[in-house]
Amino acid sequence: MQTPPELGADAPLEIAGRQFRSRLIVGTGKYRSNDDMVRAIEASGAEMVTVAVRRVDLDRTKEEGILHHLDPEHIFLLPNTAGCYTAEDAVRYARLGRAAGLSDWVKLEVIGDQRTLLPDVFATLEAARILVAEGFRVLAYTNEDVVTALRLEDAGCSAVMPLASPIGSGLGLVNPYFIREIKTRLQCPVIVDAGVGTASDACVTMEQGVDGILMNTALAEAGDPVRMAHAMRLGVEAGRLAFLAGRMPRREVAVPSSPTAGMLA
Amino acid sequence: MQTPPELGADAPLEIAGRQFRSRLIVGTGKYRSNDDMVRAIEASGAEMVTVAVRRVDLDRTKEEGILHHLDPEHIFLLPNTAGCYTAEDAVRYARLGRAAGLSDWVKLEVIGDQRTLLPDVFATLEAARILVAEGFRVLAYTNEDVVTALRLEDAGCSAVMPLASPIGSGLGLVNPYFIREIKTRLQCPVIVDAGVGTASDACVTMEQGVDGILMNTALAEAGDPVRMAHAMRLGVEAGRLAFLAGRMPRREVAVPSSPTAGMLA
Amino acid sequence: MQTPPELGADAPLEIAGRQFRSRLIVGTGKYRSNDDMVRAIEASGAEMVTVAVRRVDLDRTKEEGILHHLDPEHIFLLPNTAGCYTAEDAVRYARLGRAAGLSDWVKLEVIGDQRTLLPDVFATLEAARILVAEGFRVLAYTNEDVVTALRLEDAGCSAVMPLASPIGSGLGLVNPYFIREIKTRLQCPVIVDAGVGTASDACVTMEQGVDGILMNTALAEAGDPVRMAHAMRLGVEAGRLAFLAGRMPRREVAVPSSPTAGMLA
Amino acid sequence: MQTPPELGADAPLEIAGRQFRSRLIVGTGKYRSNDDMVRAIEASGAEMVTVAVRRVDLDRTKEEGILHHLDPEHIFLLPNTAGCYTAEDAVRYARLGRAAGLSDWVKLEVIGDQRTLLPDVFATLEAARILVAEGFRVLAYTNEDVVTALRLEDAGCSAVMPLASPIGSGLGLVNPYFIREIKTRLQCPVIVDAGVGTASDACVTMEQGVDGILMNTALAEAGDPVRMAHAMRLGVEAGRLAFLAGRMPRREVAVPSSPTAGMLA
Amino acid sequence: MPMNVTVNGDPRSFASGLNVRELLEALGLRPQQVVVEHNREILDRARYESTPVVEGDSLELVHFVGGG
Amino acid sequence: MPMNVTVNGDPRSFASGLNVRELLEALGLRPQQVVVEHNREILDRARYESTPVVEGDSLELVHFVGGG
Amino acid sequence: MPMNVTVNGDPRSFASGLNVRELLEALGLRPQQVVVEHNREILDRARYESTPVVEGDSLELVHFVGGG
Amino acid sequence: MPMNVTVNGDPRSFASGLNVRELLEALGLRPQQVVVEHNREILDRARYESTPVVEGDSLELVHFVGGG
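Residue numbers (the working numbering), protein chains in the order written: chain A, 790 to 1054; chain B, 790 to 1054; chain C, 790 to 1054; chain D, 790 to 1054; chain E, 84 to 151; chain F, 84 to 151; chain G, 84 to 151; chain H, 84 to 151.
Just chain A, same shape as in the assembly (with noise of 0.2 Å):
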């Protein structure tokens, strides 16, 4: 399907001064196999990917690594602070992850919670300052709550991504009014990250006017990672295309699509 050039007309994305005309960016994780995820990321259109910063497995195959099939000179790689429950636990694992050398960005995320895998916002924004004042270019995972976003914003976070709904829950724009919110009072990029299931929720998250989306479950978990990935990459776009376009208006009457005049008598 080719995209008449006017048309595709809409600014890059840009971010921390790098600028991807893709404005959907996916996890690497939970895919049933590396082909898989490969596949789908292609299938993507995405620019950027995350990973997570873990332990060698010094007694299983040397293969794991995710470097052994992602090409951090064709896909530009963010490395997450998953599974951190502390601010200095983030610090820590984001250092790592720039000491690998790609880049100074990290995508920050601070667990509150091991059942809803929400934010601890007190720590993310503690971890957010110490980091950017390390020179990192830091992308912040968030709840819904505007002031918390704009805080983060304060700190010098380089894009705020607010959830859709709880990581994996698949709950897809539970609170469009909050994520539009947000949109319209931060200057930096929102980018929604969690909870998207499916291409409509990526269609109507992006119909928020938000720069971008973050997801993962939606793929890895599809019955059809590939294909699935497919459809988020043209949703995300059509929900882009659609807010630039503007949508008609809702009413409760209907009009006729056909003249009412020059009916036969």
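The reader is advised that the hints may include incorrect statements.
Claimed, not checked - Across the chosen pairs, the derived CB separations fall in these ranges: (1) D/S822 with G/M86: 36 to 46 Å; (2) D/Y874 with G/N87: 46 to 56 Å; (3) C/R821 with D/G998: 44 to 54 Å.
What the hints assert, rightly or not - Take a look, some chain D residues computed to stay more than 12 Å from chain G by CB distance: (4) A800; (5) P801; (6) G818; (7) E831; (8) Y882; (9) G886; (10) A889; (11) L939; (12) D943; (13) S947; (14) G957; (15) R969; (16) T973; (17) L1033; (18) V1042; (19) P1048.
Hints are computed from structural coordinates only; laboratory data are not their basis. Ideal Cβ placement from N, Cα and C applies to all residues, glycine included.
The hints should help you fit chains B, C, D, E, F, G and H onto chain A, whose structure is shown.
Quick look at chains B, C, D, E, F, G and H alone, frame taken from chain A:
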């Protein structure tokens, strides 16, 4: 955006023995200009458009006919019976549409109420039987009632077209249960007609498994009809692919996307 | 809880010249025990209950008849035609119900599909005309289609009973637009029948302005049918009062509840 | 309407050792007249109302004080810190409220954003710790974040009050998942504060299992505040009873309410 | 000598010469308890006594049960 | 001597003896542009030439316009 | 000779030597009606009588009003 | 004579006198493959060669894995 072949691999939409690659059908009414209409149709990727049958205006310019703007060689024209309130009128308009010599297809629409433009299912079924007997290929606009939909299929309709919400309302898919039920129970193609307001409406509608969508106002009344048409094209394809791929399960408990093993001490 | 008189001041529900203080009508099927049923009906405050017409079981105890548990002197029994799939059958059951000598009222129900138990609107309209001609007071179960609802009113039905969602589904009010439209357009009482699952469903349904609600499964299958019956009684009254009171406007911008003036320096 | 004792049998709401039969708490702001306010409070059945602390107006009538209209002997007054944007201010207002000599209770509210009136969770937690240390009974207004809610409980709050939607918005319960999660995870009473617009909002909120609801605008801005107050009283009780009763399961396939056996031949 | 009658779909045999009221009694039913459809015709209670049941008749005996 | 004909609901007068094709021409319409309903009967294009229009006839001239 | 005091943000002048209770009276307020913050310190009612108001003092006089 | 070192949480023993690069080799890891945290300090790759591992040291050897 190139669609990798194996991904686009979706059976074409087949109605009455005719195949369509696009699952989006658009109306030609209410555009601000004919140029908007032509460019929006092109951007939508639609291969079939609906047209109305009306009196020639003997006093105004002769340019108003739709055939001055659309070439039946390149796009399939589907005459409708919009504006008819009785089976007799609908049959009369269908015959006039066929007499134009393009095809024996008709989008049957018998309105039962001026305020909601909801169909008169009694007259629609009666007209469908007459038209099928006369050799028409009948695509019947109806409400979300599965019983009526089954009767229309039994009457020999080539496609059944339940509404998402009232014509021109932009309220989107109000009753996904009933639309899903209609799709599950019918053998013939199910095209959702009317009510879609924005790309995510189209996407979520296709995710119910229906065969296609017909829309008009969502394009004609969008701030930028051409851009919205492109959004709808992507939204329809995204929803179709997501349906084929199979979405992840919804759950109210979060599930981490990064490994819980391999954390540092 | 005493209702201050001026608050309870709501016109009684009037159907076919008969007045009811309660706007809740309940079914008598599927309770775990007759005792549950009797106590739930009492807790619901209902003044009218539906009953089915079935063969006497010649081999089992004679105690099964509903009249052994409910006194027609104290509660109005409304015979239904549940289980009928043709106009002819429905008329037959209606006549049998009337022959019991309690009243000439009937809850007309002609099912068109076994899986969804959605009405056959064609047969329902046909049966309604026959029964009205025979002097029955017809309360007709139908779908959310306003066109059909208007036809049933024209046919002389004493009340029209659109569904909230399928019988026994507990999905609640799926299409508030259409139910509101039906209420706005009809002169006769509109009683929402089927689909209500919990008290908030009943409340939001009454807030659409309808005249009453008929339910059965929501009570019979509740963990505690008696307590749920009381909840439904309050929910129906709450929704009715809220409708009469007129709700505050919805707005996406917050408005303080405390004065902004008079703050300390 | 008399509630049969065994039905009303619900443990009273207990906050900081004080028991309330009513689970509805109402605000005293924004009524068209003091008479409306007094009658609405009475109709609501509330036993606790919130009040604000403001400067005496030295130039206007002395009648404006709320104590001229409400008798602390008959209704429990809960001073709030509405309008405060810092922990320091909130503490100052709380102390002034306590100095009035009615109780050591305070509804803690520290606003973080003027447009949404969303709480500043950072300052709220800080103020909560100070006030608890000073012996206050703190009922803390917060957002739907379970992590913050748990911190407020750990800080010694007597009740945690998450919002349904922004103050004065009337958008109702936007995120039932998070409210349910907060109720499930906390030991202390959970009172939903702000956002409820009509009786069904109150009903569905109570059905999530929370301990009570605080509202103001929904009454003050209703067409008939007194009638709406009565509707809210019933809606809250209906939702509570439905929660205790346990609702029927939702299902997408219909289930008949009348016996399928015993049909005529 | 018995006669065969269909009652509620089942073949049953009764002594010949019964009227509807007697048949109901034979089945242990009180007239006011049931509505009788006799050969597809609803039978008024007043006519139970005067209506004979003959070989091959079909009767439906119905009443109200719980339903929604 | 003119004749009166109703075209698309409006009374119009034409010279007598016209056939449908000529009437269309008189109205500045090309045959392939329109569908003609002549006294409630759809008229095949092949018959425009051979079909006379007479006093009191009613014609509907329709075509496709934008619609949904 | 008068003294200048700030009350609820506004500059006001009173006769010198007043105590808080007298100042409230001068403003037409009954002590039990208000809570007094004297130079940013909440003042217990028992101390109104014994607390002098002096030039340059700042007082906040507050009470409860309707609020949510 | 061997030395005991904690690597990724597990006690391991190596020949004494190894530097970090040698320890990685002993574990079959290529330096550019991993990031090394040596006694809680991140170790720059340039210093693997010059950094001795001694009895009781604790090392964390990490890399990127799939995550969301």
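Hint check:
1. D/S822 with G/M86: 36 to 46 Å: Holds, at about 40 Å.
2. D/Y874 with G/N87: 46 to 56 Å: violated, 30 Å
3. C/R821 with D/G998: 44 to 54 Å: violated, 24 Å
4. A800: holds, 27 Å
5. P801: Holds, since 24 Å exceeds 12 Å.
6. G818: Since the minimum Cβ distance to chain G is about 5 Å, D/G818 lies within 12 Å and the statement is violated.
7. E831: About 15 Å separates D/E831 from the closest Cβ of chain G, which puts it past 12 Å; holds.
8. Y882: violated, 9 Å
9. G886: Non-interface label fails for D/G886: nearest chain G Cβ at 8 Å, not farther than 12 Å.
10. A889: violated, 5 Å
11. L939: holds, 25 Å
12. D943: holds, 27 Å
13. S947: Non-interface label stands for D/S947: nearest chain G Cβ at 19 Å, farther than 12 Å.
14. G957: At about 8 Å from chain G, D/G957 fails to clear the 12 Å cut-off, so the statement is violated.
15. R969: holds, 24 Å
16. T973: holds, 27 Å
17. L1033: holds, 28 Å
18. V1042: holds, 45 Å
19. P1048: holds, 52 Å
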